[in-house]
Amino acid sequence: MTGTTAERRGPEEITGENFVFLQRWVHQETGIVLDDGKRYLVDARLTPLVRDEGLQSLNELCNLLRATRAPHLNRKVLEAMTTNETLFFRDLAPFDALRETIIPELVERNRAIRALRFWSAAASSGQEAYSLAMMLVEMGLGDWNIRIHGTDLSEQMLERARAGQYLQIEVNRGLPARYLVKYFEREGLEWRVQERLRRMVRFERRDLREPMASLGTFDVVLCRNVLIYFDVETKKRILGQIRSRMEPRGYLLLGAAETTFGLDNRFERKPVGGAVFYQIREQCE
Amino acid sequence: MRAMVVDDSRAMRLILRKTLDELGYEVSQAANGREALELLERDPEPVGLVLVDWNMPEMNGIELVRRMRAHPRFTSVRLVMVTTETQTEQMVEALEAGADEYIMKPFTSEVIVEKLRMLGLAA
Ligand SMILES: C[S@@+](CC[C@H](N)C(=O)[O-])C[C@H]1O[C@@H](n2cnc3c(N)ncnc32)[C@H](O)[C@@H]1O
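Residue numbers (this note's numbering), protein chains in the order written: chain A, 1 to 285; chain B, 1 to 123.
No wet-lab data here; the hints were simulated from the structure. Incorrect hints may have been included.
Unchecked claim - Interface residues of chain A toward chain B, partial, derived using beta-carbon atoms under 10 Å:
1. V20
2. F89
3. L92
4. V171
5. N172
6. R173
7. G174
8. L175
9. P176
10. A177
11. R178
12. R186
13. L189
14. W191
To be verified - Interface residues of chain A toward chain B, partial, derived using beta-carbon atoms under 8 Å:
15. Q168
16. L180
17. V181
We put the CB at the ideal spot given by N, CA and C, even for glycine.
Sequences are here, hints too, so could you generate the full structure?
This is the structure we're talking about:
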């Protein structure tokens, strides 16, 4: 019988040609680089989708993506290929540095206008933005004019960020229990960030590779754990964009495995406590 | 550093113990609050960290936390509740009783590590 050999071989592997197609397409749509070693990732992330969509194989999925413009399927594939992992107060040290050094300095600098502006670039489901909001309220800056702007490519993540609603497994991660009881409300099985924090935060869809001029400028930009997915040219372009959105003595924070070194020499490295920030170098005459 | 795991479920004690082992803790165990208190009082030097379940026979976790906090010997011991109780009121009760942190079951070992890091108890 003809069908049995294929069944015995188990799920059909993605062809070289289709893998190259996915690499190019994901790169074009998101900037994310899937190098040849990432075949396992394609398998692990797209196989559940193949099943959900009632398809036979990854190859059939690729054929569909090539042949049709099905926005809903496109979006699902891109969402599946993107790493959205995040948690409250991720890495701790940058938040300690903000609390103890950077924000007190900015408060001094902006005392007259009583305003502070933060950009959580690649905000994912919003934990970083809300961590900042909680920290600022704890610092007694709740009555300042605070704007925390969160941007991300993924509409699905932004929806969750705007709702400010988190699962138990998410509030278990990185969030001090006393903040959970102070700043969240229980809604069924989930926890929702209180309105006073949601009011400090705004989320908007932005592709980091596109011009950002309409965003205005920021005292602190957090762009963490996203540059690692891009190629060198894309990293350079994004760092240039970010630089143009920073106040002259503003601060940039990158992820623990990221740097401006070798990408943008207009940035100067500023270690603060256990974290590393970047500032724009002062221009010489 | 030394730590104690207090839970009436043997399986849960094993899971918690394994995570703490991997962080380099020397771990002792107790199956309820009374047993924990006895062991802790007998101990020549107090442990640095106790992970405490809430619902246990003989003496529950919240009572253990209260008694430890009332005891001058244990004031600097870090106490972390690890429990299936997930109501805000219960969390507030535990924090007011003197717990330093609160972890809701089910959890992953990652969650334990992250919480201990927040308390400066893990690298
Ligand atoms: C790993 S998460 C990082 C979240 C958070 N910054 C943190 O460090 O915890 C990466 C995020 O980058 C977003 N992303 C990927 N490519 C992007 C692009 N070209 N423009 C904007 N956001 C992008 C993804 O949607 C995802 O939410």
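Here's how the hints hold up against the structure:
Taken as an interface hint, V20 of chain A does not check out: its beta carbon lies about 35 Å from the nearest beta carbon of chain B, beyond 10 Å. Given hint, F89 of chain A at the interface with chain B, holds; its Cβ is 7 Å from that chain's nearest Cβ, closer than 10 Å. Taking 10 Å as the C-beta contact cut-off toward chain B, the hint placing L92 of chain A at the interface holds, the least distance being around 6 Å. Checking V171 of chain A against chain B by beta carbon gives a least distance of about 8 Å; that is within 10 Å, so the hint holds.
With a least beta-carbon distance of about 5 Å to chain B, the hint placing N172 of chain A at the interface is held under the 10 Å criterion. The beta carbon of R173 of chain A comes within 6 Å of a beta carbon in chain B, closer than 10 Å, and the hint placing it at the interface holds. Given the 10 Å rule on beta carbons, the hint for G174 of chain A holds: about 6 Å separates it from the nearest Cβ of chain B. Evaluation of the L175 of chain A hint against chain B yields a held restraint, the C-beta minimum of about 9 Å falling below 10 Å.
Interface hint status for P176 of chain A: upheld, as the beta-carbon distance to the closest one in chain B is roughly 6 Å, under 10 Å. Hint on A177 of chain A holds. Least Cβ distance to chain B is approximately 4 Å, under the 10 Å limit. A hinted interface residue such as R178 of chain A counts as satisfied when its beta carbon comes closer than 10 Å to some beta carbon of chain B; here the least separation is about 6 Å, so the hint holds. Against a cut-off of 10 Å between C-beta atoms, the interface hint on R186 of chain A holds, since the closest Cβ of chain B lies about 6 Å away.
Taken as an interface hint, L189 of chain A checks out: its beta carbon lies about 9 Å from the nearest beta carbon of chain B, inside 10 Å. Below 10 Å, beta-carbon pairs count as interface contacts, and W191 of chain A has one with chain B at about 9 Å; its hint therefore holds. About 5 Å separates the beta-carbon of Q168 of chain A from the nearest beta-carbon of chain B, less than 8 Å, and the hint is met. For L180 of chain A, the shortest C-beta to C-beta distance to chain B is roughly 7 Å, which falls under 8 Å, so the interface hint holds.
The restraint placing V181 of chain A at the interface with chain B holds, with a minimum CB-CB distance near 5 Å, inside the 8 Å limit.
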